Amino acid sequence: MQDSVVVSVRNLETSFFTKMGPVRAVNDVSYDIHRGETLGIVGESGCGKSVTSFSLMRLIEHPGRITGGQVLLQGRDLLQLPEARMEDVRGGEMAMIFQEPMTALNPVLTIGHQIDEQVLRHKKVTPKEARERSIEMLSLVGIPSPEERYHNYPHQLSGGMRQRAMIAMALSCDPVFLIADEPTTALDVTIQAQILELIQNLQQKFRMSVQFITHDLGVISEISDRVLVMYGGQMCETADTVELFNNPRHPYTAALIASRPKFGSRPHRLTTIEGSVPAPHELPPGCPFYNRCPRRLDECRVQRPPVSTIKPGHQVACFNPL
Amino acid sequence: MSAPPNDILLEARHIKKYFPIRKGLFRREVAQVKAVDDVSLTIRKGETLGLVGESGCGKSTLGRTLIRLYEPTAGDIRFENQDFRRLSGRDLRQARKNIQMIFQDPYAALDPRMTVGQILMQPFEIHGLLNGAQRIQRARELLELVGLRAAHVNRYPHEFSGGQRQRICIARAIALEPDLIVCDEPVSALDVSIQAQILNLLKDLQEKLKLTYLFVSHDLSVIDYFCDRVAVMYLGKIVELAPKDELFKNPRHPYTQALIQAIPRVGEGKKRMKKSLSGEVPSPINPPSGCSFHPRCPHVMDVCRSRIPTLQPSPGQDNPVACWLYEQPPARQGV
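Residue numbers (our numbering), protein chains in the order written: chain U, 24 to 345; chain D, 3 to 337.
Careful: at least some of the hints might be erroneous.
Unchecked claim - Below are the DSS-like pairs computed for lysine-lysine, each with C-alpha atoms no more than 27 Å apart in a straight line: (1) D:Lys205 with U:Lys285; (2) D:Lys18 with U:Lys285; (3) D:Lys205 with D:Lys47; (4) D:Lys205 with D:Lys251.
No lab work stands behind these hints, which were simulated from the structure alone.
Treat the numbers as computed from the prediction; the structure is a model and nothing was measured.
The shape of chain U in the complex, shown without the other chains (with noise of 0.2 Å):
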């Protein structure tokens, strides 16, 4: 009994052009979201997750470029569409919070400008319903005093603040479908807890598909319902969240989840993975992880294993998985 596929993304490739020469940073990626799902992307710096999900919102910037595959959101190629109209799909169906909402609102205009703004943009409303439309959602997303912070600077707010008023203006022209680049990444541990159990409820009411980014093991498992890994730009990993966790089958999500400190199981030494992440354009010509990998074979050297599914539902990208 599953809900509808929402957004689907087909061989996703995205290149940067850099002196030394072209670099994928994202490689043959696919995954679908469906209704009220939320897909958790996982990887450390340079895995490619974060430019995965500017590909789908198409903000690639040069020297980057989408240089392949498709990204269909509610059955429609949003790589095909011209520009302009790409320009109602953001921040109308689709939209985007991120890491930092210092950096990403305007400092020199109020959190009310710019939210009505976003909704004068996306939808038929005189500037007092749109007014109406900020302020209802300020209050939605737990400000206190939303009429009074409507008129506030960013500066005016705390971090924490700063991130629900990024949270009402995504979510102000009802998108189906949410990016969360790190919300939660900059914040406090008890603040962190605030906002992800507001998205959790955001979601449940909007019965919104949320694609979900972070570095952090535990915050992904608490909020995703499935897990995608990544490492060097592809995919290593895709399951559901319980499953992935407790039977990882990749040895790179396998030992990500074994070198973190784990909450009540005390090892005497934690569990490492030799090495660090190569940089793009010293990636093996094969399995993005073999330079570091304790299961290596010969074939990984040189070939790119296929994703394959190994049980419904889990698929892994690796001639020998666990």
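Since the structure of chain U is already known, use the hints to place chain D on it.
Then chain D, alone, in the frame of chain U:
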């Protein structure tokens, strides 16, 4: 060596660190930020004491004040049975040899114009130890001790990854064989897979060199793994101090309970979020009256609004906690 007083490496009593806020033409002092407000603690030889709390709670300031990177506004510090606050000149430099620091951002903590060898020889130059050839030799040994290659001495910091740079910072910190190392969020800026490498390295070095750590972090999972005892800070004060097992199994202060509740757990699957702590950390310029946690506390009582609960210094097994729930609020006690 066996008597308890000798076990104590550093003892701080009623430490305060206030930063002035100045305004206007004459830079008149208009207010104070009470970053650390009356904190007492002891650090025992060979242990790792964790300092945990949210941003702005004063944990980094306390770490730096204890080793006099910031001069305390008030309070006493005894380090290795010396009155550390009275030391100056040669004596201070001598004592500082035994205290080192590792910072959060390994990109900012290394001079980009110096080679790794120069960076690692500098501690010996400052203290006038060893001759030139010995210094180079020692720098090479230090690199190997932290898991890098001796041949790296001629490279510059930008040639290394974040995790490798943190290893260089660690090598510099252990160069003079200190007794105490203050680690200020040493793994927060690193990727998950690299964090584990650095934590393991710090643990190995602690065993090998009999180091004592003061470990400042906002990450409770890391604290849980790494520390022996933990002090929880809120708005410039320690609210609870306990051995780690005790703290995580049986947290007593409502703030500690909320912090532990808020840690995202790995592998338990999506769940409805439990009720999280409401409100935000108030400003240390104008902290709430009484217990500074009272506006957010689920167990707030009348007494909390007017009186500051005290953290009793801990001679016994009992874990001190600064909360009226655990103190009889009699007619005339506390302040």
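Hint compliance check: list the failing hint numbers for this structure, sorted ascending. 2
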